[in-house]
Structures are given as structure tokens and as C-alpha cells.
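Starting from the known structure of chain A, fit chain B onto it as the hints suggest.
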Amino acid sequence: MTLDEVTPRIRTFIAESFLDGDPKGELTESTPLLEWEVLNSMNSALLLNFLREELRVEVPLASINAANFRDITSISKLVSGLTAVPAEGA
Amino acid sequence: MTLHQLVIEAAARRPDAQAVSGPSGSFTYAELDAAADAIAARLGRQGVRRGDRVVLWAGKSPATVAAMQAVLRLGAAYVPVDGSSPVARVAAIARDCAARVVVTNNARIPRISAELGEEAGYEGLDGPYDPAPPVDTATTDSDLAYILYTSGSTGTPKGVCLTHGNARAFVDWAHDVLAPGEDDRFANHAPFAFDLSVLDLYVAFRAGASVHLIPPELSFAPMQLVEFLHLRQISVWYSVPSALAVMMRHGGLLDRPAPESLHTVLFAGEPFPIAQLRDLAAWTGARMMNLYGPTETNVCTYHEVTKADLDRDRPVPIGVAAGGDRVWAVRGDGGVAAAGEEGELVADGPTVMAGYWGHPPQSGPYRTGDLVRVLPDGSFDYLGRRDQMVKIRGHRVELAEVESVLENHADVAEAAAVAVGEGVDTRLVAFVSPESGRDLGVLALRQYLTQRLPRYMVADEVRILSPLPRNGNGKIDRPVLEARAGGAGTSSS
Chain A
1 MTLDEVTPRI RTFIAESFLD GDPKGELTES TPLLEWEVLN SMNSALLLNF
51 LREELRVEVP LASINAANFR DITSISKLVS GLTAVPAEGA
Chain B
1 MTLHQLVIEA AARRPDAQAV SGPSGSFTYA ELDAAADAIA ARLGRQGVRR
51 GDRVVLWAGK SPATVAAMQA VLRLGAAYVP VDGSSPVARV AAIARDCAAR
101 VVVTNNARIP RISAELGEEA GYEGLDGPYD PAPPVDTATT DSDLAYILYT
151 SGSTGTPKGV CLTHGNARAF VDWAHDVLAP GEDDRFANHA PFAFDLSVLD
201 LYVAFRAGAS VHLIPPELSF APMQLVEFLH LRQISVWYSV PSALAVMMRH
251 GGLLDRPAPE SLHTVLFAGE PFPIAQLRDL AAWTGARMMN LYGPTETNVC
301 TYHEVTKADL DRDRPVPIGV AAGGDRVWAV RGDGGVAAAG EEGELVADGP
351 TVMAGYWGHP PQSGPYRTGD LVRVLPDGSF DYLGRRDQMV KIRGHRVELA
401 EVESVLENHA DVAEAAAVAV GEGVDTRLVA FVSPESGRDL GVLALRQYLT
451 QRLPRYMVAD EVRILSPLPR NGNGKIDRPV LEARAGGAGT SSS
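Residue numbers (the working numbering), protein chains in the order written: chain A, 1 to 90; chain B, 1 to 493.
Excised from the complex, chain A in its bound form (with noise of 0.2 Å):
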């Protein structure tokens, strides 16, 4: 997946489940997801199982920092990072 089709699912997985819709519009690529807890533990562990169910990504352990998660922006690079290798036989 390319990263233009990896950040709105990202971004709209977020503020639909943790921000009750956004409604005010104030989620963007750099809200920083880690500092204000929208992605507290709880939180995490939703938007990982979503990556792995939804987008059938698998974040690796060594992946899993405060660097990698820290805004829709850094999330979406890990997410498209990790599907950019194409499957067997593409």
C-alpha cells in the first residue's frame, strides 16, 4: 500500500474510534498521538490489532518505539515501509 492510500484509513481509524469522529476537525499528520495519550495503551493495542486485521500489517516487535508511532504521519510511513514488499510471486 502507498502511503496516500495508507494515511486517510489510518487517519479516519483514529479519530473515529478515540476522538468520537473528530468533530471539530482538529486531528492533522502531526497531532501528536503519543504526548496527548489518544494512543495510550488501550489505544495502541486497537490501532495495532486494526493494522494486522484491517490493513493485514504486522508491526515488528523492533518496530514498536515512540519514534514510529508518534503522528498519523509516522505511522502511515511504517505501515506503507512495511507492505512495500511485494508478495511472492507479484
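Please keep in mind that the hints were generated in silico from the structure rather than gathered at the bench. Because the structure is a prediction, the values reported are computed rather than measured. Treat the hints loosely; a few may be bogus.
Derived SDA-like pairs (lysine to any residue); straight-line CA-CA distance at most 25 Å [claimed, not checked]:
#	chain 1	residue 1	chain 2	residue 2
1	A	24	B	447
2	A	24	B	480
3	B	475	B	447
4	B	307	B	344
5	B	307	B	274
6	A	24	B	463
7	A	77	A	35
8	A	24	B	468
9	A	24	A	46
10	A	24	A	58
11	B	475	B	411
12	A	24	B	274
13	A	77	B	274
14	B	475	B	386
15	A	24	B	452
16	A	77	A	34
17	A	24	B	386
18	A	24	B	249
19	B	307	B	285
20	A	24	B	464
21	B	475	B	154
22	A	24	B	408
23	A	77	B	215
Ranges between beta-carbon positions, derived for each pair [claimed, not checked]:
#	chain 1	residue 1	chain 2	residue 2	range
24	B	324	A	60	43 to 49 Å
25	A	63	B	230	17 to 23 Å
26	A	60	B	438	40 to 46 Å
27	A	32	B	126	20 to 26 Å
28	B	152	A	32	23 to 29 Å
In this text, a Cβ means the ideal position worked out from N, Cα and C, and glycines have one as well.
Same frame as chain A, but now just chain B:
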């Protein structure tokens, strides 16, 4: 005997054995001992003396564990505050307990010193650790060992004061019950500011075993926790049931055979849903125990899970007295509850706290606020809370504290927090009604909360709702809010 003797003795007995490992490195017992003395020397130069308090504002690392030992070796008490806690809260806690020094990573000193000024000294946690002479200040059972700050119903956190005697009564009891060996590998899931971590660290040290720190950012990352359990060959696991539940549900825990190393699974902090416990018991032959106790009592009851327990239709009992304590239930009319009756659980004995910081000492039995039923064998079933305290992934949260922080916001007219869902699915949702003419954003409110509350108290969701619903008595209608938040209210824990 004092708490810090455990590391001193293990270092003399097994200097080259691994003591503590974290994401960024590990210490043998000799290294932990040397780092503790080095940090003690630094703190001594800052004027830390027996009877003082030292705030530790740091993430989980072997160095933080060394700093705890350093503080104890000086006869002082450590006050652990999560590395992720906002600086304003760290300062409030340091002020409340009149900390002599705040220890933190070197890079953070400017932030805390800007907030707290000259009310405390500041010491860097980072190495290298210069060799220093051994420090072992004469300390008694009644000296404070650590203060754990918990959510307070009045809107401000409360410092629970535990002495060396309190901690040792619990650690020695747990060591006797678990009988760990030198080769055991303890997982440390709980944050250091959470009392579950006392067992992981000090029972491991008493056995000369090793403890493996799980960094907070992984603490509810399901696949990563499962990976950690296997890779680190953990033999003793202790966590809130929520962590095990996410590992089972989202981490594929049950899809692989249980690691051969795992022989003991301990849980505490909230009821373990029985269906999930059944699944866990079918997966591992490990011994399983439910430990119960508010921070104020360490662990005051325990129950070893039996095969027969798994046929229950409710969580396993919290069990019988632990740690040399006496526990009983008091009925509404003040009498002691007999078998089959309900009452508030009361604990008295060596593990019960010295008191809250800044309040008169605890004298006599501690009333837990937890409702229990007395079972025919004299053990206890947990039923719920008498007040508005809820448990969010094992952490206790006073809804009033969250509400009072929100209502201090200039643009907020009123706020109500509710907890919905059960067990691992419990979510803290805050509803906020703005002052008329004010425009509130949910992200702006989250930012505001994170600057004032520890992570686990920041609501999972903040919603704007004006006005808040009222019942016939004019009070905020919590059941309506719970329904709006997506489910029936939690029965708490």
C-alpha cells in the same frame, strides 16, 4: 531486615549472575550493586540523608532500579513516578512529599527544574557510574522505603507510605509461597509506580534470580508481549489480567505451546474473567494465583487457582489472608460478616501501610472500600466497590479526580467520567459540557489532561456533550452517560 539488603546479599552471593535486564541493557548483581553505590554517592553529595524522600522520574531501566537501591541505602524513601508522567504532576508530587532531590534522566533536568525551582535538588540518572564506597545506612523496619502515589477521591493524588517492615513482610511471604530458585526469570510488567512491581523486583532479588523489564510502550502490545514471554524464557509472570487477556485475544498466546520455562502465573488488580482464565489454564500447566490488595496493604489475600475453580461462573475468589495479615469483612451494621454474608473487607497486620503522606499515621485496621462475600471455607469473593473508584487495566482511578481536573479548565462548565465495559475492555470516557459561548475541542482537552494526569488516568475518550443529562433528582445521570459511552457501566473492581 531491610529491603535493600536483598540486593547487597545477592551481590555477595552471585556477583556475576544477571540481576535486571531492560530494553537498553542489563546489570549483573555486581553491576547493580556498584551502580547503586555510585548513585548513592551522588545523592549523598546532594544532601540526601536518612528520613528524606527522593522522587524518581524515569522510565524502566536497570539504572532506575539501581537508583531505588541507592535511595534505600541512604536510609531515604524513593517516590517512583512514571517516566511518561507530565512534569506538572511530578512537581506536584515532589512538593507534596517535600522531596530532597528529583532523580531523572540528565536531559529532563531542565524541564523539572523550570517547574519546581529551588524546592528540590536535581540529580542525573545517566551513567557512567564512578566507583564509590559501599553505602548501607542503619535503617529499621519502621523507616519509610517508598511512597506510591495513587488517585485520590478529593481530586488530588494520595501518597501511600510503605515502610521496610511493610515491604519485607510482603516480599518474604511471597518468597516463601513461590519458593523461586536462582535460575528463575521474573517478568516485570507493571510500572514501578504500581505496587505489583514490588513483587517482581524484590522477590527476584531475594532469590538471586533475574527480573526482565517490559517497557511501558509494550505493556499492552499483544504480539510483542507474547514474543517477550518466549524470547526471555520467563518463568514467573505477574500482571493485571488485562495484559494476559490482550495476549490471548490479539497476540496469539494460545496458538503456540506454552514456553517450557513458564511455571508460575500471578495476577492482581482486577477480576480475571473466568472464561479467559479457563482458556489460560487449558494452555499452561503453570501454577496460577490471584493476589489481592490495595496499594495500602501490599497483598493482603491470595488464592491459588484449582481445577474446581474453573467450573465457577464468576471470577475466582480473592482467597485468604496473606503476608501475616488478618482480614475480615464488616457488615453494614458493623458486625463481622459470617459465611454467606457480605461486607467491606478490612485488613490489619504487617503489610498494611504506615499511612498517607501528610496525614496522621494509619492506626489499626485498614478499610479497603471493597465489598466481599464470605465463602463457607472462610475465603472471600470480590463483589465490587463501595464508592466511585474504578479500575482501568488494573490501575485504580477515582472518577472524581478526573472530573475535578476537567472542571478546572476555564472553558468547562461541568464534566462527568464513566467507566464502561468489563475487564480488558474497560474504557474511561469523559463527557464535558462547555461554558456557554465557549468552543471546546476534544484534542485540546486531551492535551490539557495529559499535562495534569498520569497516563492511565487520561480518558480513553473525551466527548463534548451539552448539557449533561440529569436524572429526576437533578444529579448527573450516569447510567445514561454509560449507555452513550457504549455499554453498561463497569462493576469496577
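The hints, checked one at a time:
The straight-line distance between the Cα atoms of residue 24 of chain A and residue 447 of chain B is roughly 15 Å, inside the 25 Å bound, and the hint therefore holds. Of the pairs offered as hints, the one joining residue 24 of chain A and residue 480 of chain B holds, with about 24 Å between alpha carbons and a cut-off of 25 Å not exceeded. Taking the CA atoms of residue 475 of chain B and residue 447 of chain B, the gap is near 28 Å; set against the 25 Å cutoff, the hint is violated. Among the hinted pairs, residue 307 of chain B with residue 344 of chain B is inconsistent with the structure: their alpha-carbon atoms are about 28 Å apart, more than 25 Å.
With a CA separation close to 12 Å, the supplied pair residue 307 of chain B and residue 274 of chain B stays within the 25 Å bound. Note on residue 24 of chain A and residue 463 of chain B: the hinted pairing holds, with a Cα-Cα distance of about 11 Å set against a maximum of 25 Å. Between the alpha carbons of residue 77 of chain A and residue 35 of chain A the distance comes to roughly 19 Å, so the proposed pair stays at or under 25 Å and holds. Using a Cα cut-off of 25 Å, the hinted pair residue 24 of chain A and residue 468 of chain B holds, with the two alpha carbons roughly 19 Å apart.
Restraint check: the Cα-Cα separation between residue 24 of chain A and residue 46 of chain A comes to about 23 Å, which is no more than 25 Å; the hinted pair holds. Restraint check for residue 24 of chain A and residue 58 of chain A: not satisfied, since their Cα atoms lie roughly 32 Å apart, outside the 25 Å limit. Distance hint between residue 475 of chain B and residue 411 of chain B is fulfilled; the C-alpha atoms sit about 21 Å from each other, no more than 25 Å. Taking the CA atoms of residue 24 of chain A and residue 274 of chain B, the gap is near 42 Å; set against the 25 Å cutoff, the hint is violated.
In summary, the hint linking residue 77 of chain A to residue 274 of chain B is not supported, as the alpha carbons are separated by about 40 Å, beyond the 25 Å threshold. Distance restraint check for residue 475 of chain B and residue 386 of chain B: the Cα-Cα separation of roughly 19 Å lies within the 25 Å cut-off, and the hinted pair is therefore satisfied. Taking the CA atoms of residue 24 of chain A and residue 452 of chain B, the gap is near 23 Å; set against the 25 Å cutoff, the hint holds. For the given pair, residue 77 of chain A sits about 16 Å from residue 34 of chain A by alpha-carbon distance, which is consistent with the 25 Å threshold.
With a C-alpha separation of about 38 Å, the suggested pairing of residue 24 of chain A with residue 386 of chain B is violated against the 25 Å cut-off. For the hint linking residue 24 of chain A to residue 249 of chain B, the alpha-carbon distance of about 34 Å lies beyond 25 Å, and the restraint is violated. Taken as a hint, the residue 307 of chain B and residue 285 of chain B pair is honoured in the structure, with Cα atoms around 11 Å apart against an allowance of 25 Å. Of the pairs offered as hints, the one joining residue 24 of chain A and residue 464 of chain B holds, with about 10 Å between alpha carbons and a cut-off of 25 Å not exceeded.
Between the alpha carbons of residue 475 of chain B and residue 154 of chain B the distance comes to roughly 19 Å, so the proposed pair stays at or under 25 Å and holds. Distance check on the hinted pair: residue 24 of chain A and residue 408 of chain B sit about 22 Å apart at the alpha-carbon level, within 25 Å; holds. Between residue 77 of chain A and residue 215 of chain B, the direct Cα distance comes to roughly 23 Å. Compliance with the 25 Å bound is thereby established for this hinted pair. Restraint check, residue 324 of chain B to residue 60 of chain A: a C-beta distance of roughly 46 Å satisfies the suggested window 43 to 49 Å.
For residue 63 of chain A and residue 230 of chain B, the Cβ-Cβ distance of about 18 Å falls inside the hinted range of 17 to 23 Å, so the restraint holds. Judged by the Cβ atoms, the range 40 to 46 Å given for residue 60 of chain A and residue 438 of chain B holds: they are separated by roughly 45 Å. Against the hinted window of 20 to 26 Å, the Cβ-Cβ separation of residue 32 of chain A and residue 126 of chain B comes to about 25 Å, which satisfies the hint. Between residue 152 of chain B and residue 32 of chain A, the C-beta spacing of about 28 Å keeps the proposed range 23 to 29 Å intact.
Violated hints for the displayed structure, listed by number in ascending order: 3, 4, 10, 12, 13, 17 and 18.
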